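Residue numbers (the working numbering), protein chains in the order written: chain S, 28 to 557; chain D, 61 to 494.
Derived from the structure by calculation, the hints contain no laboratory data. All values derive from a computational prediction rather than experimental measurement. Using N, Cα and C, we set each Cβ at its ideal position, and we do this for glycine too. A portion of the hints provided could be inaccurate.
Said to hold, decoys possible - Using 25 Å as the maximum straight-line C-alpha spacing, the simulated DSS-like pairs for lysine-lysine come out as follows:
#1 S:Lys-48 / D:Lys-204
#2 D:Lys-417 / S:Lys-106
#3 D:Lys-387 / S:Lys-101
#4 D:Lys-127 / D:Lys-87
#5 D:Lys-421 / S:Lys-502
#6 S:Lys-101 / D:Lys-133
#7 D:Lys-387 / S:Lys-534
#8 D:Lys-204 / S:Lys-106
#9 D:Lys-417 / S:Lys-502
#10 S:Lys-101 / D:Lys-86
#11 D:Lys-445 / S:Lys-322
#12 D:Lys-204 / S:Lys-101
#13 D:Lys-86 / S:Lys-502
#14 D:Lys-467 / S:Lys-106
#15 S:Lys-286 / D:Lys-467
#16 D:Lys-256 / S:Lys-106
#17 S:Lys-286 / D:Lys-445
#18 D:Lys-127 / S:Lys-386
#19 D:Lys-331 / D:Lys-133
To be verified - Stretch by stretch, here's where chain D covers chain S in the computed footprint (C-beta under 8 Å, at least three residues):
#20 464–478
#21 519–531
Claimed, not checked - One-sided excerpt, in silico: chain D residues whose CB lies under 8 Å from chain S:
#22 Tyr-106
#23 Met-112
#24 Thr-117
#25 Phe-171
#26 Gly-172
#27 Trp-173
#28 Thr-287
#29 Leu-291
#30 Ser-385
#31 Lys-387
#32 Asp-450
#33 Glu-474
#34 Tyr-476
#35 Gln-478
#36 Tyr-479
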Amino acid sequence: MNTPKPSMSLTKPEAFDLSIKQKISTAIGLLGLIILILAAFNVHFPYKPVVLTLSLVMISAGVILFANDLYLGKHAGIKNDGVMFKSVSSRGIWAWLTGIALTAFYIILYFKATWLGLGQNGAENTGLVALFDPLSNIISGSKASQWFVYGVLYTIAILAFGYKFLLKYRHNRYERLRTYSVMFFQLAFAFLIPEFMARLNSDSFSLPYYDLKNIWPLNYYNFEQYRVNSFIDAGDIGLALLIFGIVSIFVITPILTYKYGKRWYCSWVCGCGGLAETSGDPFRHLSDKRQFAWKIERWVVHSVVVFVVLMTTAVVHSYLGDDQTKYWLTKQTFLISVAAILTLVFVLVMVFKRAQLAKDAKYGAIGYFVIIMVLFAMHYFNGTQLFLFKTETLRQSYGFLIGSIFSGVIGTGFYPIFGNRVWCRFGCPMAAILGFQQRLFSRFRITTNGGQCISCGNCSTYCEMGIDVRAYAQKGENIVRSSCVGCGICSAVCPRGVLKLENDSLKGRIDSNEILLGNDVDLMDLVNQK
Amino acid sequence: MEHVVIIGNGISGVTLARHIRKLSNKKITIISAETEYFFSRTALMYVYMGHMTFEHTKPYEDWFWKKNRIELKQAYVTSVNTASKTLHFSEGNTITYDKLVIATGSKPNKFGWPGQDLDGVQGLYSKQDLDRLEQNAPNNEVCKRAVVVGGGLIGIELVEMLNSRNIPVTFLVRESSFWNSVLPEGESEMINRHIKSHGIDLRLSSNLKEIKSDTNGHVSAVIIEETGEELACDLVGLTAGVTPNIDFLKDSEIETGKGVKVNRFLETNIKDVYAIGDCAEQQETVGNRRPIEAVWYTGRMMGETLAQTLCGNKMPYNPGHWFNSAKFMDIEYQTYGWVFNEKGQPDYEQHFHWKHKDDDKCITIAYRKDNNAFLGINTFGIRMKHDVFDKWLTEHRTLDYVISHLKNANFDPEFYSQYDDQIKAAYSNTLQTA
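Generate the whole structure from the sequences, applying the supplied hints.
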């Protein structure tokens with residue numbers, strides 16, 4: 028329905044070519060990147076700290092100078108001129124090159140870290156990873172890993188492109204605050220705090236690497252045995268962190284999602300969301316808006332939730348004991364609790380929210396519920412392998428398929444082709460759980476403004492989650508969708524002041540009536556009688 | 061099965077078709093010469109500016125029409141024979157109808173300027189106009205200067221579009237200030253300053269005298285009436301309003317004036333023939349509304365109303381309180397109720413005007429001198445709620461009430477600065493000085 032025509036030429040209307048300053052800025056940024064690439068190819072640099080600093084400063088400076096030239100000195104306001112003509116943002120040659128380069132980087136990062144120079148079995152790092160050793164030493168006191176390299180680059184991407192986004196939306200306070208928030212959470216929670224925590228580690232005390240805002244099930248490995256063991260071994264602090272991990276998903280998340288919708292996480296806190304909203308912003312319009320894509324989205328993302336629940340249950344089950352006298356939480360107690368929680372959620376939704384579920388959603392929910400319960404029963408009564416597969420198989424396939432391929436390689440590598448929220452929309456189990464609650468039990472909604480909509484479609488075009496916002500706005504219907512991450516761009520780009528993100532009472536939140544002001548009331552009554 | 065034929069696939073015709081389908085099983089055919097599928101005309105500007113592709117302007121996916129059994133025919137109707145209920149197409153074939161609805165919209169005005177039909181002279185209304193503009197003004201090499209004639213809503217859109225491609229624009233506005241045939245002075249002047257701040261060569265009180273041609277029949281310059289100045293240019297945009305697009309009805313029995321004459325039931329003088337949207341001319345106007353309203357939502361409402369009538373529930377077109385909106389480059393504008401400019405304003409009307417020091421936000425509230433009753437509001441740079449003002453107008457609230465409850469009407473995004481305290485302070489100041 029809305030695929031931009033790929034512009035394979037390097038130039039469209041001249042007005043949208045890069046200015047001289049923008050070309051110089053791009054060159055500076057690319058030079059910074061080239062230093063890193065050379066390091067990866069084992070070009071030996073003397074004065075590593077200087078070279079690394081130079082490279083990172085050049086990358087950041089490139090983005091910042093580019094943004095300054097692009098936005099400063101122009102009026103504050105919507106800055107989408109030429110988006111559909113520029114090669115990089117319209118699936119042109121630069122988009123493909125960027126996509127391929129990013130994808131390659133992710134594949135190497137996940138599966139061939141030695142190519143980046145990761146020293147194995149205690150060997151010294153070489154190449155790119157070695158270049159980051161000095162920085163890692165300063166922050167955490169230990170040598171770098173490929174994940175440290177990735178963390179630094181990820182953080183710089185969010186900060187530098189966050190700056191660009193701040194300039195682009197400098198007239199919009201919601202966008203500015205949201206961007207400061209993701210920049211802060213990335214720098215502090217995802218990057219610095221875990222590294223500082225690593226500094227506290229000693230022979231007698233060790234905490235696992237823990238990004239506190241990275242909540243299960245996004246952080247699917249949070250309850251794996253080695254982590255739980257080291258939490259418990261680390262005494263009170265460790266136990267507190269373990270409890271925080273459980274409270275995050277079962278208490279904090281539901282409360283905040285009820286009050287503000289899933290945006291409190293997805294577009295204000297989350298690291299994946301942070302990257303999507305900053306570096307990924309130029310690609311938001313590439314999301315697929317077809318109804319067909321929505322159908323696929325619902326099945327895929329909810330299947331990932333089922334997968335992660337089964338996998339985590341199996342993993343936790345595998346390391347729990349059988350003897351109640353040793354520890355209160357045994358294999359059996361645990362399985363019964365999981366089954367009880369799932370049953371409770373299922374029953375509550377089917378009793379109180381049945382009317383709000385579409386037919387296929389009901390079938391899906393019932394189907395998955397039955398399958399899970401049958402699996403539990405088979406294990407309980409017949410003693411078959413829990414969930415049929417070996418736990419280790421489940422864990423490894425989830426990590427490979429979802430953790431690496433989906434969220435990294437496809438989710439980020441394909442930004443310039445599929446848009447910036449592919450992972451969040453189709454793959455993220457955290458987003459699905461928050462979305463499930465947002466749809467059924469939250470005060471958040473996007474309200475529309477009477478009859479002012481002119482169906483122009485800016486809102487739908489720039490919705491990174493592929494929601495056809497216009498379809499609701501032109502009917503005067505509130506937008507209450509589980510996938511909405513509350514980025515607020517639909518409201519920003521609306522030329523007629525139609526959309527507003529709001530938290531308000533549950534009553535009348537989903538008004539499926541076509542209440543369009545303008546006509547006299549009798550007519551609207553009739554139109555609403557379908 | 062009754063066959064409803066709709067000429068025109070704009071918002072009026074499409075809304076009508078959708079609602080007929082909701083209410084009945086009638087056979088529905090929509091005819092359009094312009095495009096195969098419905099698109100949002102208001103979004104054409106964003107296609108040229110590169111904010112959207114043309115595909116993005118379609119509110120419904122292409123499978124929608126077949127699924128809802130709405131037949132689409134791309135053809136040009138040359139004449140209508142109401143006696144035999146037959147439409148004749150330019151290709152020579154015909155179609156018959158049981159009910160005919162004319163929803164053909166508008167076409168750009170041309171006032172007989174010398175040179176108005178030259179190459180490189182165009183309006184901005186249709187998909188074809190957009191394609192022409194892409195030909196005439198792809199960049200500032202091909203189009204070194206553009207002149208836009210007519211200071212209304214389409215004019216300023218065209219100015220913004222050309223400006224997005226760094227094409228120098230001269231904006232000829234007949235009035236002494238931008239759109240002051242509608243806007244009160246303070247607002248109109250704020251927009252003048254905003255237009256100029258974008259580097260637009262805004263010429264007020266300037267009429268087009270003549271468009272000059274080069275040897276190839278392409279525009280080469282315009283001459284300004286007042287000063288006699290000759291401005292070299294490669295594109296002339298004619299955006300001095302629109303007229304109903306009804307030339308094909310000339311030889312029919314259907315009564316026309318400026319538009320197709322209709323009564324409040326949207327019926328023409330001929331049985332089973334109706335007209336809706338921009339091309340319909342109300343014989344009996346509603347309140348202060350004009351007989352022809354070329355506005356998106358009135359087209360939509362006429363479509364909704366006529367669907368009721370055609371499906372057996374006869375109903376008059378009865379629009380509620382006037383409202384509208386637009387965007388002048390970076391400044392959003394909304395209006396609820398009636399705010400007249402100084403010239404057009406009735407004796408009983410008075411204004412309260414507040415402008416922010418940044419010169420990009422202001423409001424004007426119209427009220428009755430005698431009893432302080434609230435008449436309407438223009439708001440620039442601050443979003444306001446339609447349903448709140450609609451309610452206040454219905455409830456005949458006073459100016460004091462509106463000012464003191466302005467917060468309830470705010471529709472700006474979360475965390476935006478609120479101006480109601482400043483507005484209240486300004487209001488109490490005027491009370492003290494008055």
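Evaluated hints:
| no. | hint | result |
| --- | --- | --- |
| 1 | S:Lys-48 / D:Lys-204 | 23 Å, holds |
| 2 | D:Lys-417 / S:Lys-106 | 24 Å, holds |
| 3 | D:Lys-387 / S:Lys-101 | 17 Å, holds |
| 4 | D:Lys-127 / D:Lys-87 | 13 Å, holds |
| 5 | D:Lys-421 / S:Lys-502 | 29 Å, violated |
| 6 | S:Lys-101 / D:Lys-133 | 45 Å, violated |
| 7 | D:Lys-387 / S:Lys-534 | 33 Å, violated |
| 8 | D:Lys-204 / S:Lys-106 | 23 Å, holds |
| 9 | D:Lys-417 / S:Lys-502 | 37 Å, violated |
| 10 | S:Lys-101 / D:Lys-86 | 53 Å, violated |
| 11 | D:Lys-445 / S:Lys-322 | 33 Å, violated |
| 12 | D:Lys-204 / S:Lys-101 | 21 Å, holds |
| 13 | D:Lys-86 / S:Lys-502 | 23 Å, holds |
| 14 | D:Lys-467 / S:Lys-106 | 29 Å, violated |
| 15 | S:Lys-286 / D:Lys-467 | 22 Å, holds |
| 16 | D:Lys-256 / S:Lys-106 | 19 Å, holds |
| 17 | S:Lys-286 / D:Lys-445 | 23 Å, holds |
| 18 | D:Lys-127 / S:Lys-386 | 19 Å, holds |
| 19 | D:Lys-331 / D:Lys-133 | 24 Å, holds |
| 20 | 464–478 | holds (count 3) |
| 21 | 519–531 | holds (count 8) |
| 22 | Tyr-106 | 6 Å, holds |
| 23 | Met-112 | 5 Å, holds |
| 24 | Thr-117 | 6 Å, holds |
| 25 | Phe-171 | 27 Å, violated |
| 26 | Gly-172 | 31 Å, violated |
| 27 | Trp-173 | 28 Å, violated |
| 28 | Thr-287 | 29 Å, violated |
| 29 | Leu-291 | 21 Å, violated |
| 30 | Ser-385 | 4 Å, holds |
| 31 | Lys-387 | 4 Å, holds |
| 32 | Asp-450 | 5 Å, holds |
| 33 | Glu-474 | 5 Å, holds |
| 34 | Tyr-476 | 6 Å, holds |
| 35 | Gln-478 | 11 Å, violated |
| 36 | Tyr-479 | 13 Å, violated |
In this structure, the earlier hints numbered 5, 6, 7, 9, 10, 11, 14, 25, 26, 27, 28, 29, 35 and 36 are contradicted, and the remaining ones agree with it.
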